[in-house]
Each structure stands twice: as structure tokens, then as C-alpha cells.
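*Asks:* Mapping the sequence shown onto our numbering, position 13 (from 1) lands on 13, and the numbers just tick up by one.
It is possible that some hints are incorrect.
Pairwise CB distance ranges, derived in the manner of DEER restraints [stated by the list, open to error]:
1. P12 to T59: 35 to 41 Å
2. M30 to P7: 38 to 44 Å
3. P8 to E61: 20 to 26 Å
4. P8 to A33: 42 to 48 Å
5. R44 to P8: 42 to 48 Å
6. E61 to S4: 19 to 25 Å
7. S57 to E5: 28 to 34 Å
8. P7 to A35: 30 to 36 Å
9. S4 to L39: 35 to 41 Å
10. I9 to I45: 22 to 28 Å
To be clear, the hints were calculated from the coordinates, so they are not data collected in a lab. Only a predicted model underlies this, so the values are computations on that prediction, with no experimental measurement involved. Glycine included, each C-beta is placed from N, C-alpha and C at the ideal position.
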Amino acid sequence: MIKSEKPPIFRPERETLKVTFLVFSGSSIMCVASAVDPLRAANRISGETLFDFKLVSVTGEAPVTT
Numbered sequence: 001m002i003k004s005e006k007p008p009i010f011r012p013e014r015e016t017l018k019v020t021f022l023v024f025s026g027s028s029i030m031c032v033a034s035a036v037d038p039l040r041a042a043n044r045i046s047g048e049t050l051f052d053f054k055l056v057s058v059t060g061e062a063p064v065t066t
């Protein structure tokens, strides 16, 4: 780091980030995939579990997507 540069305000966090997606009935499967796939890819590429995610619905049953 050059002396005149400011130190970064964000530091790498090694703890797994837990994410819960609330999926409403009738949601587009493409919208759900667009949110979930980058997290899955990051886990796969890193070889670690950086993101622990789950899909939930209001009723507690499996969300119905279109």
C-alpha cells in the first residue's frame, strides 16, 4: 500500500454468512436462481462454505415457483 492510500474500510470475513430467502408462491424460478446461483458458485469456486443459504415460504412448505 502506498503511504498516501487510505486503509480499506472492509476487511475479509472468514465466518460463513447465513442467508435466508423468503420465496412467495408464484415467484419466478429465474429470479430465485439469479439470487442463489452466485452464492452456490462462490462456495464451489472457493472450496469453502462462504454462504449458507436456505429457501423458505410464508406457509413453511416448499415454495411454488413458476
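*Asks:* For each hint, tell me whether it holds in the structure or not.
*Replies:* Okay, the hints, checked on the actual structure:
About 38 Å separates the C-beta atoms of P12 and T59, a value consistent with the hinted range of 35 to 41 Å. Remark: the range hint 38 to 44 Å for M30 to P7 is upheld by a beta-carbon distance near 40 Å. Between P8 and E61 the C-beta distance comes to about 43 Å, which lies outside the given range of 20 to 26 Å. For P8 and A33, the hinted distance range of 42 to 48 Å is not satisfied, since their beta carbons lie about 32 Å from each other.
Between R44 and P8 the beta carbons are some 26 Å apart, a value that contradicts the proposed interval 42 to 48 Å. Taken as a hint, the range 19 to 25 Å is violated for the pair E61 and S4, whose Cβ atoms sit roughly 57 Å apart. Our hint of 28 to 34 Å for S57 and E5 is violated, since their Cβ atoms are close to 47 Å apart. The hinted range of 30 to 36 Å is satisfied by P7 and A35, whose Cβ atoms lie roughly 32 Å apart.
With their beta carbons about 36 Å apart, S4 and L39 fall inside the hinted range of 35 to 41 Å. Our hint of 22 to 28 Å for I9 and I45 holds, since their Cβ atoms are close to 25 Å apart.
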